[in-house]
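Work out the full structure: start from the sequences and follow the hints.
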Amino acid sequence: MNLEKLFNPKNIAVIGASKDKSSVGYGILSNLASGCVYRCKYCKPFPGKLFPINPHADSIFDLKCYKSILDIRENIDLAVIVVPARIVLDIVNECVKKKVKGVIIISAGFSEKSKWGAKVQKELVDILSKAEIPMVGPNCLGIINAANSMNASFAPAMPPDGKIAFISQSGALADSIIDWSIENMYGFSTIVSYGNKAMLDASDFMRYFDRDKNTKIITLYVEGINDGKKFIRIAKKIKKPIIILKAGRTEQGVKAISSHTGSLAGSYDIYKAAFKQGGVLVADTIEDMFDNAKALANMPKLRGPVAIVTNGGGCGVLCADYCSELGVPLAKLRKSTIKKIDDTKKMHPAYSRRNPLDIVGDALPERYDVAVDAVLSEKYIGGLIVIQTLQSNTRPEEDAEVVIKAKKKYPDKPIICTYMGGKFTKKASNMLEASGIPDYNDVKKAALAMKALMSGIPR
Amino acid sequence: MKQLEFKKSLKLLKKYDINFVASCVIKDESAFNKVKYPLVLKVFSGKIIHKSDVGGVIVGIKDKEEAVKAFKKLKKASKNILMQKMVSGKEVIIGMKRDGQFGPVVMFGLGGIFVEVMKDISFRVCPVTKRNAVEMIKEIKSYKILEGIRGEKGININALADLIVNVSKLSLKNDVNEIDLNPVIVDDKKAVVVDVRFMA
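Chains S and F, in that order, give the protein sequences. Using this note's numbering, the letters of the first sequence correspond one by one to residues 1 to 459. Using this note's numbering, the letters of the second sequence correspond one by one to residues 460 to 659.
Worth double-checking, as some hints may not be accurate.
Stated by the list, open to error - Reference excerpt, derived from the structure (chain F facing chain S, CB under 8 Å, subset only):
no.	residue
1	Asn539
2	Phe561
3	Gly562
As the list claims (entries may be wrong) - When the alpha-carbon atoms are kept at most 27 Å apart in a straight line, the in silico BS3-like pairs for lysine-lysine are as follows:
no.	chain 1	residue 1	chain 2	residue 2
4	S	Lys229	F	Lys589
5	S	Lys41	S	Lys67
6	S	Lys41	S	Lys21
7	F	Lys597	S	Lys237
8	F	Lys632	S	Lys230
9	S	Lys272	F	Lys632
10	S	Lys119	S	Lys229
11	S	Lys272	F	Lys600
12	S	Lys236	F	Lys535
13	S	Lys408	S	Lys240
14	S	Lys122	S	Lys97
15	F	Lys556	F	Lys534
16	F	Lys628	S	Lys230
17	S	Lys272	F	Lys628
18	S	Lys427	S	Lys163
Unchecked claim - Beyond 12 Å from chain F on every Cβ pair, some chain S residues (computed):
no.	residue
19	Pro47
20	Pro160
21	Ile225
22	Asn226
23	Asp227
24	Phe231
25	Ile270
26	Lys276
27	Gly278
28	Lys332
29	Asp342
30	Ala350
31	Lys379
To be clear, the hints were calculated from the coordinates, so they are not data collected in a lab. Bear in mind the structure is a predicted one, so any value in this text is a computation, not a measurement. Just so you know, even glycine gets a beta-carbon here, dropped at the ideal spot from N, CA and C.
This is how it looks when you write it as structure tokens:
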């Protein structure tokens, strides 16, 4: 089935659009018309035509309102349905008659709620499958395609545009991730929340994102999977890295899910084994997943041992500890490399002369430049972690410039930064992130990112 | 679920090239005349699932006298008695169960307390490739014990991995719900199943 029009429609009908600000129908139309309910700089209106449908209104947001989708003359690509469950079947029949190319059913009250709901849900799938119309949901948040400015969901806002696709069984989790992403400049190509997965499951979306030109990494939050074997079979064929976070790992968690989405959850050990066999990276926490995704989306695969350049000895040692615990190889600096650094006569006499390369607390950008260039220019060094701690004379933004320059000069080697601190380091950190250099506020995260890059792209 | 008969179990193992330790069913004490010691005597019965719980396994039998004594003791528990060659090496467990989501799943772990107490086990979904099998052997925390410590010889990981792959093949082709190969004894040359239980 072709999912293209679900993600990239030229026009959208919102069935159940509403003027009532407290309703979901209002939120969705508002998100499409402007990009956001909560305003932020990433809000962009949907560039195509919108058709609100509500038999009790003439217009909403200055858009002409229709009584039925069948009253619209143009062909419709995508129908977003947000009406009470009891009339969804009728509405879907109208959509089939209208020959829409895709349907998102936001409405809840189906298999997750009652036997009646499960029965209707099955009917919906039968009707839409027969008509070959792809359907997301029901009981879902919707689709947010930041790359193409489409917020067909009731999420609070639109995330920054990026290279990471997020497939989430939970809509609420996706909502909070969006809020977080805006604060942290974390980019997504598309976010899809698929709720009851009546027709399309996580594996179908993975397949779509594997071909999506805006997506480099696929991240998933799943509670249960309908067909485990199918998921693994498809995952094995996906070329882009996949990172998964699975809920329902304990008996208590599984119980919570059964009452939550009505999923069948298998034992977590078996899930983990299956994911591994499918070449899927398993994340332990939400933070883990997005930290790793950031590294994989922006940096090439690590192909040799890592050097650490730091202006704080302790942080360098700590980072080296984490690297070796995680099995990230650390480079042994050769005499020729040290000579290269010595010859510049820019180093403090007490600099460490080995990995981690401690360039001493009073290091100015010039020293970072010498050290960073010296290690990256060596064939035997595969990647670099740059640590900066903030001293009275440290120049975070200029130090960031050094790393940005190095990234351009050595595009085939991963560089990960740890600009430790907060308020006074934020600007430099943002500069790094904006240039596609992952920056983490903790050295362990930098080590974890390198670990992820060991198995990075290409898979 | 019912336990598969012992003879059928052996046939199934043989069909998939899974080595079972040299064994024979014995009827009376005359069996102890022309055998090499040490040996093992154990009961086998569809009703007995955990043999050692009922004292149904006697190992390290050194001579005929001990064998006769053990035979008499076991006779009280069951009329089906098996004599096996005593093999030495590392004790591992290979199992299979069917998962609702993924179908047959193979489990691997080190024998004894490592599986029961430490839960030091690894899983793979069938079909398990040779590469998967090697990974799952190396993945357990106690792998170092299998590699051999303090000058001991390590196990033949190749033979063990082949056995795991064969269990995967067997699981995909046969209507078996659970498999317990416990223990499997593995040394630097080969991997041999010492006890088997198929639940059909």
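- prompt: Tell me, which hint numbers fail for this structure?
  reply: 1, 5, 12, 15, 21, 22, 23, 24, 25, 26 and 27
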